[in-house]
Amino acid sequence: MMEQFGKALLNVAFAGVGAVAIAAEKAGEVGKVLIERGEQAVEQGRQCSEELQQKYQEAAQKRQEERFQATVDAMTAEEREALRRRLAELDAEEEAARQAAEAEADIPADNVTHIHTDADVSDDENNQP
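Using numbering that gives the first Met the number 0, you'd call the opening residue of the sequence shown number 0 and step up by one each time.
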């Protein structure tokens, strides 16, 4: 009787260990599934965020163009002519700046003037006899 009771107790212990092993295994599987789902959710959220940002930028650009068009439409002929002249001036200034930048880029590196600083002056004073 005692021997049967011991076997039963041992079987209960084994069943408990088996249950714990199965629970750990299933928890690991569930953990993997949860991690995968979490990664998918983060990726979907990132994609949605990018799509919303793109849509917002497009809508903002469209509103800006509509406001600009409404402003131009409301201008008189004289105001539009003044705007054309100002735009031509800006284009000329931009072209002059571009040409100056290109010309400056063509200057050789050995044609650089050294700017004297206070440190240079004190070094010169220390080196004189």
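Simulated from the structure, these hints should not be mistaken for lab results. Among the hints, erroneous ones may be present.
As the list claims (entries may be wrong) - Okay, the calculated beta carbon distance ranges per label pair:
1. E38 - A102: 32 to 42 Å
2. A20 - E57: 48 to 58 Å
3. I34 - A96: 51 to 61 Å
Glycine is no exception: its CB is placed at the ideal position from the N, C-alpha and C atoms.
These are the hints, each one checked on the structure:
{"no.": "1", "hint": "E38 - A102: 32 to 42 Å", "in the structure": "violated (55 Å)"}
{"no.": "2", "hint": "A20 - E57: 48 to 58 Å", "in the structure": "holds (56 Å)"}
{"no.": "3", "hint": "I34 - A96: 51 to 61 Å", "in the structure": "holds (55 Å)"}
Checked against the numbered hints given earlier, this structure breaks only hint 1.
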